[in-house]
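Asker: Below, each chain spelled out in residue letters.
Protein chains: 4
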Amino acid sequence: MTNFDRADSLHSTTSSDGAPTWQTSAWFNSEPSTLNDFRGRVVVMHAFQMLCPGCVSHGLPLMHAIRQHFPRDQVVCIGLHSVFEHHTAMTNVALEAFLHEYRIDYPVAVDQAGNDGDPRPLTMRAYHLRGTPSLLIFDRAGRLAAHEFGAPSQLAVGATIAGLLSEADLRNAADQPMSTDGASTNPPTDGCSAAGCAIPG
Amino acid sequence: MTNFDRADSLHSTTSSDGAPTWQTSAWFNSEPSTLNDFRGRVVVMHAFQMLCPGCVSHGLPLMHAIRQHFPRDQVVCIGLHSVFEHHTAMTNVALEAFLHEYRIDYPVAVDQAGNDGDPRPLTMRAYHLRGTPSLLIFDRAGRLAAHEFGAPSQLAVGATIAGLLSEADLRNAADQPMSTDGASTNPPTDGCSAAGCAIPG
Amino acid sequence: MTNFDRADSLHSTTSSDGAPTWQTSAWFNSEPSTLNDFRGRVVVMHAFQMLCPGCVSHGLPLMHAIRQHFPRDQVVCIGLHSVFEHHTAMTNVALEAFLHEYRIDYPVAVDQAGNDGDPRPLTMRAYHLRGTPSLLIFDRAGRLAAHEFGAPSQLAVGATIAGLLSEADLRNAADQPMSTDGASTNPPTDGCSAAGCAIPG
Amino acid sequence: MTNFDRADSLHSTTSSDGAPTWQTSAWFNSEPSTLNDFRGRVVVMHAFQMLCPGCVSHGLPLMHAIRQHFPRDQVVCIGLHSVFEHHTAMTNVALEAFLHEYRIDYPVAVDQAGNDGDPRPLTMRAYHLRGTPSLLIFDRAGRLAAHEFGAPSQLAVGATIAGLLSEADLRNAADQPMSTDGASTNPPTDGCSAAGCAIPG
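Residue numbers (the working numbering), protein chains in the order written: chain Z, 525 to 725; chain W, 525 to 725; chain D, 525 to 725; chain E, 525 to 725.
Excised from the complex, chain Z in its bound form:
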């Protein structure tokens, strides 16, 4: 059983409001950014490696669902390419092709490699991440509110993010179209389909 723990005591190096500074060497789909740039919004960061199977099968669909459901002026999605193995394979050139093929259009930062022989990049160390995929959720004030290594359920992640938004924010979110698993999950207008049974007439 995994836990989606609150982790307010996690930090080592800290920015003004407690969360360690993101140490990055490149950004895709965005200008270089800091946590402070997103003050006032909830930030969901997906620490991944492009060749990590669980990142591709669990992490990317989760980030896609978050992007579909929450208003983008309230919830920001960011990828963090935290390479701790196969460094010669997972280069920035390779990452750029990966982002293109998987149609990832939100900001993706590259976690900065150290020069001390430790294969783990610097932000990964500062946040004491255990591996990839890891999900880091920051509240509106830039504090680390939750983190998870592995594949949390989408229901739990939705609940955690919503808990960081105000009631007014959620009312707006509820007016957004909701992501589904695709056309087959839309309810029918008559009879039964894979998604449901409609009252006739």
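By construction, these hints were calculated from the structure, which means they are not laboratory data. Watch out, some of these pointers could steer you wrong.
[Stated by the list, open to error] Derived CB-CB ranges, DEER-like:
id : chain 1 : residue 1 : chain 2 : residue 2 : range
1  : W       : Asp714    : D       : Gln636    : 52 to 60 Å
2  : E       : Ser554    : D       : Asn616    : 37 to 45 Å
3  : W       : Gly715    : E       : Asp597    : 24 to 32 Å
Virtual Cβ for every residue (Gly too), placed ideally from N, Cα, C.
Starting from the known structure of chain Z, arrange chains W, D and E on it as the hints suggest.
Answerer: Leaving out everything else, chains W, D and E in the frame of chain Z:
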């Protein structure tokens, strides 16, 4: 695209606080209950038919995930068997076997049939449900806060429920073990598995 | 690990060519039939219960895939409703509604109940089935060629059926359109989709 | 709708028995091999790109299922890395890491790049492949027996391969343990599980 709309103006027959009274003819896994009995808790009601394919493939796993994630003293799950077709097949005897085979152990009410020739049972009519599965979410005060026909994403449902809990509730929820898709989604302790890649050592 | 065993020595009561006679009390989507009626064709029989979760989630999609792939003049699909529990729930009236809701249009026979207190119906006993779903595959001569309890992989079932068809049959089958998991599995005509990457131009 | 066509008239450059020669620049998990080396066995070749989403989600699990089901002295699985885009990202160094992370231990060849400005590698051109994933199935005599672009159903692929094996081969294959979707698909020994319902006692 489906919407998970707020629907405060939906009601017809109303109880003291606005939501129509549940009109039921039988209960499984519980004494007969009313919405008032759950005052102070969020109530998630799954209106379903046992022979509705989408209820089985989407609705039941959704209810299971809600049960796994949220503390049961904060969020109550209830099934409502709202039969509007094949009435001679979906009897209470058949429902009881269905609940046993699908291992459903939360309260399930039977929506009361009318005697006016309308195939739709009474609660289904009072809430203007379009078919099954339909999800009804009531806030702590017993007001209908959200409803949905079809197969909403688990992320959206998790967010909606969390939005109805106070911050204190959510802090408790975050301490609960989180449901995952099963053993294969637990992160590895070394190397890569289907769920993730762990930092060695 | 399950095995998809050849089972030529399985039989108890036998028809002229070895396989036990089907003992049935009703048929849906077909006139009453015997194994002999299908001589010359491969017969795939799905012994199921309408309230068995694995039958719904694994068995029905498997039968659907068989129907989509193989020519119907070569491979016959038949359901066998073998109720060994909850008899008062899984009646013929309930089964008829089930077949309608799940859009099953191939022949479905009802395995005949005994009158000796044994809850297992007669055909289930004659074939020594261990439960539902069970798959029984008969060759063109009406011999039981393979059987399986549980959820065999679709690849293995496809291979087993093909092994019972002649090379000429398979050549015809290969000219049939192939079932896929739905529209999302069709390859793209340009760029990458969930199903593949097309060479541009 | 996709078709899993027989394609005996497909070839351009041909080896002695009709199929174009594989033109490769590197091999992983194997010494360099030719189609002739596998004479007497059915050969299933998966032309893929490591950054093609459909290759990862459909092609790799299909190859895994083939490896699990068929005896390896009868059916040979080979990957062909046919890069036609993002050449600087999908290098041999990156491929080696990919094979490690996805635990691919069968032979994988690298399709040889041309030097004429055409982004398509040479074997891809010789077989007129439309993109990735493409599946190529060769019979025991080294003839191309079937090919497919996209995501064919596992049932269809199992049937096609079986059609190329003799009856004696299939009898052996039927004695092999069968791959399933994992532990949850094994049938229960008592009561109902996700995979099935067992007769008590």
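Asker: Now tell me if each hint is right for this structure.
Answerer: Now the hints, each set against the structure:
| no. | hint | result |
| --- | --- | --- |
| 1 | W:Asp714 / D:Gln636: 52 to 60 Å | holds, 55 Å |
| 2 | E:Ser554 / D:Asn616: 37 to 45 Å | violated, 58 Å |
| 3 | W:Gly715 / E:Asp597: 24 to 32 Å | holds, 30 Å |
When the structure is compared with the earlier hints, a violation turns up for hint 2 alone.
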